[in-house]
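Dock chain G against chain A, hints included.
Number of protein chains: 2
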Amino acid sequence: MSITGKLYINGEWVTGKGSSYQAINPAKGEAIEPPMSAANASQVEVALQAAAEAFVSFNQTSPEVRARFLRDCADEIMNLGDELLERVTLETGYPRPRAEGERARTCFQLRMFADHVESADFYDARIDTAIPTRTPPKPDVRFMNQGIGPVVVFGASNFPMAFSVAGGDTAAALAAGCPVLVKGHSSHPGTCELVAQAIAKAVEKNQLAAGTFSLIMGSGADVGSKMVLSPVVKAVGFTGSFTGGMALVKLANDREEPIPVFAEMGSVNPIVFLPDALKNSAPAIATGYVGSLTLGTGQFCVNPGLALAIEGPELTQFISELKTAVGQVPAGVMLNKRICGSYGESVEKYLAYDGVELIASGHETTGTEGFRAQATIMSVTGETFLANTHIHEEIFGPAALLIKCKNKTQLLQILDQLKGQLTGTIHCTDDELITHQDIAEKLRIKVGRLVINQFPTGVEVCPSMVHGGPFPAASDSRFTAVGTASIHRFLRPVCYQNYPEKLLPAVLHNTNSFNALRTINGIKTRDSL
Amino acid sequence: MSITGKLYINGEWVTGKGSSYQAINPAKGEAIEPPMSAANASQVEVALQAAAEAFVSFNQTSPEVRARFLRDCADEIMNLGDELLERVTLETGYPRPRAEGERARTCFQLRMFADHVESADFYDARIDTAIPTRTPPKPDVRFMNQGIGPVVVFGASNFPMAFSVAGGDTAAALAAGCPVLVKGHSSHPGTCELVAQAIAKAVEKNQLAAGTFSLIMGSGADVGSKMVLSPVVKAVGFTGSFTGGMALVKLANDREEPIPVFAEMGSVNPIVFLPDALKNSAPAIATGYVGSLTLGTGQFCVNPGLALAIEGPELTQFISELKTAVGQVPAGVMLNKRICGSYGESVEKYLAYDGVELIASGHETTGTEGFRAQATIMSVTGETFLANTHIHEEIFGPAALLIKCKNKTQLLQILDQLKGQLTGTIHCTDDELITHQDIAEKLRIKVGRLVINQFPTGVEVCPSMVHGGPFPAASDSRFTAVGTASIHRFLRPVCYQNYPEKLLPAVLHNTNSFNALRTINGIKTRDSL
Numbered sequence: 001m002s003i004t005g006k007l008y009i010n011g012e013w014v015t016g017k018g019s020s021y022q023a024i025n026p027a028k029g030e031a032i033e034p035p036m037s038a039a040n041a042s043q044v045e046v047a048l049q050a051a052a053e054a055f056v057s058f059n060q061t062s063p064e065v066r067a068r069f070l071r072d073c074a075d076e077i078m079n080l081g082d083e084l085l086e087r088v089t090l091e092t093g094y095p096r097p098r099a100e101g102e103r104a105r106t107c108f109q110l111r112m113f114a115d116h117v118e119s120a121d122f123y124d125a126r127i128d129t130a131i132p133t134r135t136p137p138k139p140d141v142r143f144m145n146q147g148i149g150p151v152v153v154f155g156a157s158n159f160p161m162a163f164s165v166a167g168g169d170t171a172a173a174l175a176a177g178c179p180v181l182v183k184g185h186s187s188h189p190g191t192c193e194l195v196a197q198a199i200a201k202a203v204e205k206n207q208l209a210a211g212t213f214s215l216i217m218g219s220g221a222d223v224g225s226k227m228v229l230s231p232v233v234k235a236v237g238f239t240g241s242f243t244g245g246m247a248l249v250k251l252a253n254d255r256e257e258p259i260p261v262f263a264e265m266g267s268v269n270p271i272v273f274l275p276d277a278l279k280n281s282a283p284a285i286a287t288g289y290v291g292s293l294t295l296g297t298g299q300f301c302v303n304p305g306l307a308l309a310i311e312g313p314e315l316t317q318f319i320s321e322l323k324t325a326v327g328q329v330p331a332g333v334m335l336n337k338r339i340c341g342s343y344g345e346s347v348e349k350y351l352a353y354d355g356v357e358l359i360a361s362g363h364e365t366t367g368t369e370g371f372r373a374q375a376t377i378m379s380v381t382g383e384t385f386l387a388n389t390h391i392h393e394e395i396f397g398p399a400a401l402l403i404k405c406k407n408k409t410q411l412l413q414i415l416d417q418l419k420g421q422l423t424g425t426i427h428c429t430d431d432e433l434i435t436h437q438d439i440a441e442k443l444r445i446k447v448g449r450l451v452i453n454q455f456p457t458g459v460e461v462c463p464s465m466v467h468g469g470p471f472p473a474a475s476d477s478r479f480t481a482v483g484t485a486s487i488h489r490f491l492r493p494v495c496y497q498n499y500p501e502k503l504l505p506a507v508l509h510n511t512n513s514f515n516a517l518r519t520i521n522g523i524k525t526r527d528s529l
Numbered sequence: 001m002s003i004t005g006k007l008y009i010n011g012e013w014v015t016g017k018g019s020s021y022q023a024i025n026p027a028k029g030e031a032i033e034p035p036m037s038a039a040n041a042s043q044v045e046v047a048l049q050a051a052a053e054a055f056v057s058f059n060q061t062s063p064e065v066r067a068r069f070l071r072d073c074a075d076e077i078m079n080l081g082d083e084l085l086e087r088v089t090l091e092t093g094y095p096r097p098r099a100e101g102e103r104a105r106t107c108f109q110l111r112m113f114a115d116h117v118e119s120a121d122f123y124d125a126r127i128d129t130a131i132p133t134r135t136p137p138k139p140d141v142r143f144m145n146q147g148i149g150p151v152v153v154f155g156a157s158n159f160p161m162a163f164s165v166a167g168g169d170t171a172a173a174l175a176a177g178c179p180v181l182v183k184g185h186s187s188h189p190g191t192c193e194l195v196a197q198a199i200a201k202a203v204e205k206n207q208l209a210a211g212t213f214s215l216i217m218g219s220g221a222d223v224g225s226k227m228v229l230s231p232v233v234k235a236v237g238f239t240g241s242f243t244g245g246m247a248l249v250k251l252a253n254d255r256e257e258p259i260p261v262f263a264e265m266g267s268v269n270p271i272v273f274l275p276d277a278l279k280n281s282a283p284a285i286a287t288g289y290v291g292s293l294t295l296g297t298g299q300f301c302v303n304p305g306l307a308l309a310i311e312g313p314e315l316t317q318f319i320s321e322l323k324t325a326v327g328q329v330p331a332g333v334m335l336n337k338r339i340c341g342s343y344g345e346s347v348e349k350y351l352a353y354d355g356v357e358l359i360a361s362g363h364e365t366t367g368t369e370g371f372r373a374q375a376t377i378m379s380v381t382g383e384t385f386l387a388n389t390h391i392h393e394e395i396f397g398p399a400a401l402l403i404k405c406k407n408k409t410q411l412l413q414i415l416d417q418l419k420g421q422l423t424g425t426i427h428c429t430d431d432e433l434i435t436h437q438d439i440a441e442k443l444r445i446k447v448g449r450l451v452i453n454q455f456p457t458g459v460e461v462c463p464s465m466v467h468g469g470p471f472p473a474a475s476d477s478r479f480t481a482v483g484t485a486s487i488h489r490f491l492r493p494v495c496y497q498n499y500p501e502k503l504l505p506a507v508l509h510n511t512n513s514f515n516a517l518r519t520i521n522g523i524k525t526r527d528s529l
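Line by line, the protein sequences are chains A and G.
According to our numbering, the first sequence is numbered sequentially starting from 1.
According to our numbering, the second sequence is numbered sequentially starting from 1.
Pulled out of the complex, with its shape left as it was, chain A reads as follows (with noise of 0.2 Å):
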């Protein structure tokens, strides 16, 4: 099956009634074929109301099923073969193996989710078991969590495949039992038809209800305000940007039954070099941290934009540094002409503060067509940045700005005034760490994650991994959205008070068949009952 330009709706390919459209390839600003089609608002309902269907019965999926489920949709996208590469390469202007590597990461996470959901771990099981003769008695209650209802993802344009369609927040969303409804992002709409044509092939393999996943593409009111605003919907997944996770977090806020919204937003993600760090190996550390700053020409949530280091001899080496590196790396594509434009502009705006100074940029390349971005590194100092909050935002691509703190009071007093972030960085000798938990410690309530002589790019998927923050990187702290802990987004507990053994899910049940981690009486055990 090639691309066609249809949707995935109530288990069929349909051609979308709203507008037409193409993808563009960024590496030349040129159209690809073939015309793609977006939904109109009645077919939106369709699958809408299909996803409401699914829940029903995909709700009540044993953890086996689900698992192979997510299993096969790996396989699926694997079999998509090259046409899958190189369609990705032609939509978003990344190397080959960059898409390659995404492909690994998103097949990786689905496979985490299938042996997560096995474990049976996210139920968090409980039974307290009936003491008939207390005063007064004591029921037998038990808990587990269950799906909270079909999901809504919103594809971001940086991640093709693992922030897209079969992306974490799906594995997240189906491996908890919930439909999921994906609106695709129009930057990469035959990246998004491919997986789906997985994703579907898993479905219909696996013989779950129609409305188990649906694609939808299109924007405006009667796509993706239709999904948020849908009572079918109980919860939305987001990647993308701070104006635009917060619209869809006003969306869900205003609903008569307002419903969770999982946004990450990106931060500035801030870098802190300390001294005897830069002075034992500026020229490596700026290599990385240029390398870091410009990879996936700096599309990343977790790029990290702003730098600070204390005045110095280290810090003037290290600048110097920065310029040798930064001026060796080639003008990249960016993912769209709106992204290019704004990234852009946004160095421009920053320039054109007083007190803002160029260290230096990338060097211009040969090729000069399609949506192109040269790296750029920019200095402050801290007195300038603690007095014009306009440049503490985040530009989305390979810019960094450089804090020229003049001591560490002032270092920490800029860390204070920053809002939340995705992550923190520390480049330090271990002696520093030491000396200076202050600065680690006042990087830390602002973080999801802290980093310490590594770069924040390259996102680990692992249990242990936290992407998200305290706002504005995330919507709601409390969560993440890669690793298994993402899976908690879209569950809600529910218990059942003296309810016949023999009529409770599975996992309930007196003998644990799943071999479910399960805590029995305040006690965690894997025994039967």
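No lab work stands behind these hints, which were simulated from the structure alone.
Remember, predicted model here, so these are calculated numbers, not experimental data.
Where a beta carbon is used, it is the ideal one built from N, C-alpha and C, also for glycine.
One or more hints might be untrue.
Simulated DEER-style distance windows between Cβ atoms [unchecked claim]: (1) G:D527 <-> A:F108: 22 to 30 Å; (2) G:K138 <-> A:T324: 23 to 31 Å; (3) A:I434 <-> G:E86: 53 to 61 Å; (4) G:S20 <-> A:D354: 50 to 58 Å; (5) A:R338 <-> G:K406: 55 to 63 Å; (6) G:P283 <-> A:S513: 53 to 61 Å; (7) G:G29 <-> A:N498: 39 to 47 Å; (8) A:S528 <-> G:A221: 50 to 58 Å.
To be clear about the criterion: a stretch of chain G counts as covered by chain A if any three or more of its residues have a C-beta under 8 Å from a C-beta of chain A, and this derived list gives those stretches [to be verified]: (9) 118-130; (10) 440-450; (11) 464-476; (12) 495-506.
Below, chain G alone, put in the same frame as chain A:
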């Protein structure tokens, strides 16, 4: 220390600079000595700043310290002895056994959280070890839950201890390592002060930061709103009315930095009576139901105010039993004038609707002083109920509306129309539950707790309890207000990447000194690394 009318702010007992007022004895309608004081805005600000400061140290206290503190809170509450029980009775009109029972529950909750903190399970500690030889190298990543920040707790009128100053929200937030600012309820200010004295002693005994706990009394923009809007505050716990809860949710959402509000806002708690159960034991079910409905003069969030049954001879018999049972219930004291007035108005309004009929009222007692209310059971046909959403709302107090459904189809249709509920209950024979799994299913997706052949009042405090549910029963169905899982309202995950082991929080060290259940490279274990 007796009741002084003072507030506890930044470790000191101070007279509020806001208005002065007196508690009212609802059984007599008379003012109670001494005069109490409300805070003004600048006093609230002092408490907020103290909480911000306390967070830094309290958030990092060991499980051992927090557990001892929580147990000391319980001990000090017991040490208040008769003075507390008498004041509770005086301020609420609750009989002495209720005061004793609620005190026991309150202390039990504090001790349950002490045990829970000590187990170190709430950290959900996770360790993924580095694989430097992998391409790309896998970093060392370690995850743990940490307190979200200072929490504001709004006490409820109907649980002067268990959902008030040292109630479930406070216990959970303190266990999570979050300083707590309690906005006490003006219906029981003396009780609030006494319990705050107990907590204050525990704070001092454990040499915790002064701002770890504050008691604020008062109302309006200077007090409650000011606390919710303060940048210092990171979460809110509330138990009370839909209107009150949603006002806080809106305030919190409209902040520059929105924060989560867990508002438990009550519900009508549908209870379904199936024919065979009624045929077998109408008298016992009627007695049990009326007992649950009128317990605490019906002033429970889980009061089963909406009954559903199918028309037939069993229902006719049941209604006759209900008449007998409710006729024996004496009028009860309600918590305050406003609640009592509102109850009377709501019942009158319901009875004025075409098609709503009075089944029976409780009997009038000689005592006519104070704020008293008679139990009321009304009935309506399924058709009328479906056509009139005005009678779907909660009446706070001992009133029930029994829906006489034409048939099962209509009963299911009514369940479909109901909003989210704290609880749903079915009285049935074993066979009926099997035959009517569709009824249980319809209820399950609407509720936090599903009860079979018991009554929803008497919320058991245990790890398996869910006290919450889909909106509008609670503002976020993913959390509970009762039970150990309620701590998750006030925790957020943080991860540390490539962090020197000796500088990590103790629970993330290689050696598992807390014997915590941790996830190491995906495997749950109590072993050290």
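Going through the hints against the structure:
A hinted range of 22 to 30 Å holds for the C-beta pair D527 of chain G and F108 of chain A, which are about 26 Å apart. Our hint of 23 to 31 Å for K138 of chain G and T324 of chain A holds, since their Cβ atoms are close to 30 Å apart. Separation of I434 of chain A from E86 of chain G is about 55 Å and conforms to the stated range, judged on CB atoms against 53 to 61 Å. In this structure, S20 of chain G and D354 of chain A meet the distance hint of 50 to 58 Å, their C-beta atoms being roughly 54 Å apart.
With their beta carbons about 58 Å apart, R338 of chain A and K406 of chain G fall inside the hinted range of 55 to 63 Å. Judged by the Cβ atoms, the range 53 to 61 Å given for P283 of chain G and S513 of chain A is violated: they are separated by roughly 40 Å. Between G29 of chain G and N498 of chain A the CB atoms are about 40 Å apart, so this pair conforms to the stated range of 39 to 47 Å. Judged by the Cβ atoms, the range 50 to 58 Å given for S528 of chain A and A221 of chain G holds: they are separated by roughly 56 Å.
Interface restraint, the segment 118-130 of chain G with chain A: holds (5 residues with C-beta to C-beta distance below 8 Å; minimum three). Look at the segment 440-450 of chain G against chain A: 8 of its residues bring a Cβ nearer than 8 Å to a Cβ of that chain, three or more, so the hint holds. Counting residues of the segment 464-476 of chain G whose beta-carbon sits less than 8 Å from any beta-carbon of chain A gives 9, enough to reach three: the coverage restraint holds. Check on the segment 495-506 of chain G: 7 of its residues sit with their Cβ under 8 Å from a Cβ of chain A, so the three-residue criterion for coverage holds.
Violated hint for the displayed structure: number 6, the only one.
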